[in-house]
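Could you build all of it, start to finish, from the sequences and the hints given here?
Residue numbers (my numbering), protein chains in the order written: chain U, 1 to 240; chain L, 1 to 249.
FYI, nobody ran anything at the bench for these hints, they're computed from the structure. Heads up, the beta-carbon is just placed ideally off N, CA and C, and yes, glycines get one too. A portion of the hints provided could be inaccurate.
Calculated lysine-lysine pairs in the DSS-like style (CA-CA distance at most 25 angstroms, straight line) [unchecked claim]:
id: 1; chain 1: L; residue 1: Lys78; chain 2: L; residue 2: Lys164
id: 2; chain 1: U; residue 1: Lys194; chain 2: L; residue 2: Lys165
id: 3; chain 1: L; residue 1: Lys78; chain 2: U; residue 2: Lys194
id: 4; chain 1: L; residue 1: Lys78; chain 2: L; residue 2: Lys165
Some chain L residues well away from chain U (every beta-carbon gap over 12 angstroms; in silico) [stated by the list, open to error]:
id: 5; residue: Thr3
id: 6; residue: Pro9
id: 7; residue: Asp42
id: 8; residue: Asn85
id: 9; residue: Asp108
id: 10; residue: Asp190
So the derived label-pair ranges between C-beta atoms look like this [as the list claims (entries may be wrong)]:
id: 11; chain 1: L; residue 1: Ile201; chain 2: U; residue 2: Val196; range: 54 to 62 angstroms
id: 12; chain 1: L; residue 1: Ile201; chain 2: U; residue 2: Arg185; range: 45 to 53 angstroms
id: 13; chain 1: L; residue 1: Glu202; chain 2: U; residue 2: Arg208; range: 45 to 53 angstroms
id: 14; chain 1: L; residue 1: Ala132; chain 2: U; residue 2: Arg162; range: 50 to 58 angstroms
id: 15; chain 1: L; residue 1: Ile88; chain 2: U; residue 2: Gly134; range: 55 to 63 angstroms
id: 16; chain 1: L; residue 1: Arg89; chain 2: U; residue 2: Thr181; range: 34 to 42 angstroms
id: 17; chain 1: U; residue 1: Arg162; chain 2: L; residue 2: Pro5; range: 54 to 62 angstroms
id: 18; chain 1: U; residue 1: Leu209; chain 2: L; residue 2: Arg213; range: 38 to 46 angstroms
id: 19; chain 1: L; residue 1: Pro142; chain 2: U; residue 2: Thr181; range: 36 to 44 angstroms
id: 20; chain 1: U; residue 1: Arg208; chain 2: L; residue 2: Ile88; range: 37 to 45 angstroms
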Amino acid sequence: MTMIADPPTATVINTDDDEEFTLLVPALLEADAFGTSDHIGFSTGCRVASDTGKTTWFMSGRAIIQALADEVEQLRDRVGARTGLTRQEIARAIGVDRRSLSGFVTGEIRPTEGRMLALRALADNADWTAEHFGEHAREVLRGKSPESSPLRLIAEGRTDIRRELQAAAEQAGFGSAGRVTIQPRESREPLYLKAVSAWSTTGHLPSRLGTPRDDAEYEQDLSRAAAATPAPKRPRRRQI
Amino acid sequence: MTTEPAYLPANGPLNQGDILIAPVARISASDHFVPDRWDRLDQTEVTVDRSELDEEAIHVMSGQALVMVTSHDCHHDKEWNTERNRLIRSGVDPDEAAAIAEDDPTLDRTFQASPLVPLADFDAGSRGNYQAGRVVGYYPVPAPPDGSFPESVVDLTYRCTVDKKAITGRQWCLSATERDRLRYAIARFDSFRTVEIAETIEAAIGKSISDVRVDTTNALTVDLVLDDDTVLRLVQPPVEPEQGGRSRL
Numbered sequence: 001m002t003m004i005a006d007p008p009t010a011t012v013i014n015t016d017d018d019e020e021f022t023l024l025v026p027a028l029l030e031a032d033a034f035g036t037s038d039h040i041g042f043s044t045g046c047r048v049a050s051d052t053g054k055t056t057w058f059m060s061g062r063a064i065i066q067a068l069a070d071e072v073e074q075l076r077d078r079v080g081a082r083t084g085l086t087r088q089e090i091a092r093a094i095g096v097d098r099r100s101l102s103g104f105v106t107g108e109i110r111p112t113e114g115r116m117l118a119l120r121a122l123a124d125n126a127d128w129t130a131e132h133f134g135e136h137a138r139e140v141l142r143g144k145s146p147e148s149s150p151l152r153l154i155a156e157g158r159t160d161i162r163r164e165l166q167a168a169a170e171q172a173g174f175g176s177a178g179r180v181t182i183q184p185r186e187s188r189e190p191l192y193l194k195a196v197s198a199w200s201t202t203g204h205l206p207s208r209l210g211t212p213r214d215d216a217e218y219e220q221d222l223s224r225a226a227a228a229t230p231a232p233k234r235p236r237r238r239q240i
Numbered sequence: 001m002t003t004e005p006a007y008l009p010a011n012g013p014l015n016q017g018d019i020l021i022a023p024v025a026r027i028s029a030s031d032h033f034v035p036d037r038w039d040r041l042d043q044t045e046v047t048v049d050r051s052e053l054d055e056e057a058i059h060v061m062s063g064q065a066l067v068m069v070t071s072h073d074c075h076h077d078k079e080w081n082t083e084r085n086r087l088i089r090s091g092v093d094p095d096e097a098a099a100i101a102e103d104d105p106t107l108d109r110t111f112q113a114s115p116l117v118p119l120a121d122f123d124a125g126s127r128g129n130y131q132a133g134r135v136v137g138y139y140p141v142p143a144p145p146d147g148s149f150p151e152s153v154v155d156l157t158y159r160c161t162v163d164k165k166a167i168t169g170r171q172w173c174l175s176a177t178e179r180d181r182l183r184y185a186i187a188r189f190d191s192f193r194t195v196e197i198a199e200t201i202e203a204a205i206g207k208s209i210s211d212v213r214v215d216t217t218n219a220l221t222v223d224l225v226l227d228d229d230t231v232l233r234l235v236q237p238p239v240e241p242e243q244g245g246r247s248r249l
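Take a look at the structure:
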């Protein structure tokens, strides 16, 4: 499941004293209650983290639509900024046209759960592609042809397409960009730094001179050890 | 009374006990976990993505470090000697054979080394044990005369194969006495581990030897069987390499 970076919230109102509670919405987003009605009830997946014993409440569907609209806008802009994909390409990648994507953002159209999953998958894969292929991310995501485009796989419902992205990058000649990543880490001061300034490196580096040695130095036949040191035939008595 | 210095200026070819500036690396898991004592060594996290080969990624921690050469002197010119001896057998003059072998850049490229870790990086409560050489796997070294590094231990638990061409600095080498101590520390860590030699020998006092056994598969040890059937195992000490070939096995 794709995590939402900034979970949308809705307001729960206690009708007795107008006290307000803030409720996280993601549990609702996973519920089966998606539809087009203006008001929806709580699903079994929803839990209110406050004492609701004396509280009667309802939730407006508009809050959910607005939360979805905000999320669509955030994901769309993130994909665009990181990869350079156009809004048209983003829309196609989740199986809608550009006008529908705009409708999702304005809240005029409520996206289905399948479209939201596709958009989140697109954002995840776009992040990964940008991280591994940098400025070539858009080319990698688009692929060499519409038929072989990794974006098409997301429109078909796939969520993890990294292997296909890797293959597309190989085809496009950007494969090596993702093979090695180097991340500096904050460590205590390395010990060698003082030595670098204190030592004169000239004249002390090892020379290539070897010390002549016989082959037997390196090829030792251990079975000869017994013959070289034969065990005594009878025990020797020696006080130690 | 004169006390032998712990260090001598390093010169000539690579020696066991040389202290160098060189890169080190170790394999880690995907979480790039760093034990506290290696914090100064692990300066970069490297991930080798092998997904296109359908293989797991390899994670490496690496950095530049002060290291001590742990491989034996004989190892450092093994291929040089093999090539030189081959050339001599084929009729080349010994001096010329040595020169030809020396010009071959592919010979004896690698050695083994372990990094230095400042004593101060260990927990204060256990520092004394490390300093006294009581902890198996760690060899204590004092600060050198030029103060280029503090009192430290050579961490034999971090062993690294390094190319000689990757060395960027060298100044000090252990003295002969200290080098013997290093060899015992290596042997103790890799094979023997026991620190009870004195107690074992004390237990033999007053007894007589009833038999001597030599293991034909292991030239390093001799077993002395005592009259109460206890066995005293003697182990040959690590030795300096002999020039011009071995005189014994």
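Structure-based check of all given hints:
no.	hint	verdict
1	L/Lys78 / L/Lys164	holds (14 angstroms)
2	U/Lys194 / L/Lys165	holds (21 angstroms)
3	L/Lys78 / U/Lys194	violated (33 angstroms)
4	L/Lys78 / L/Lys165	holds (17 angstroms)
5	Thr3	holds (23 angstroms)
6	Pro9	violated (8 angstroms)
7	Asp42	violated (6 angstroms)
8	Asn85	violated (6 angstroms)
9	Asp108	violated (8 angstroms)
10	Asp190	holds (18 angstroms)
11	L/Ile201 / U/Val196: 54 to 62 angstroms	violated (46 angstroms)
12	L/Ile201 / U/Arg185: 45 to 53 angstroms	holds (49 angstroms)
13	L/Glu202 / U/Arg208: 45 to 53 angstroms	holds (48 angstroms)
14	L/Ala132 / U/Arg162: 50 to 58 angstroms	holds (53 angstroms)
15	L/Ile88 / U/Gly134: 55 to 63 angstroms	holds (56 angstroms)
16	L/Arg89 / U/Thr181: 34 to 42 angstroms	violated (50 angstroms)
17	U/Arg162 / L/Pro5: 54 to 62 angstroms	holds (58 angstroms)
18	U/Leu209 / L/Arg213: 38 to 46 angstroms	holds (42 angstroms)
19	L/Pro142 / U/Thr181: 36 to 44 angstroms	holds (40 angstroms)
20	U/Arg208 / L/Ile88: 37 to 45 angstroms	violated (18 angstroms)
Checked against the numbered hints given earlier, this structure breaks hints 3, 6, 7, 8, 9, 11, 16, 20; the rest are met.
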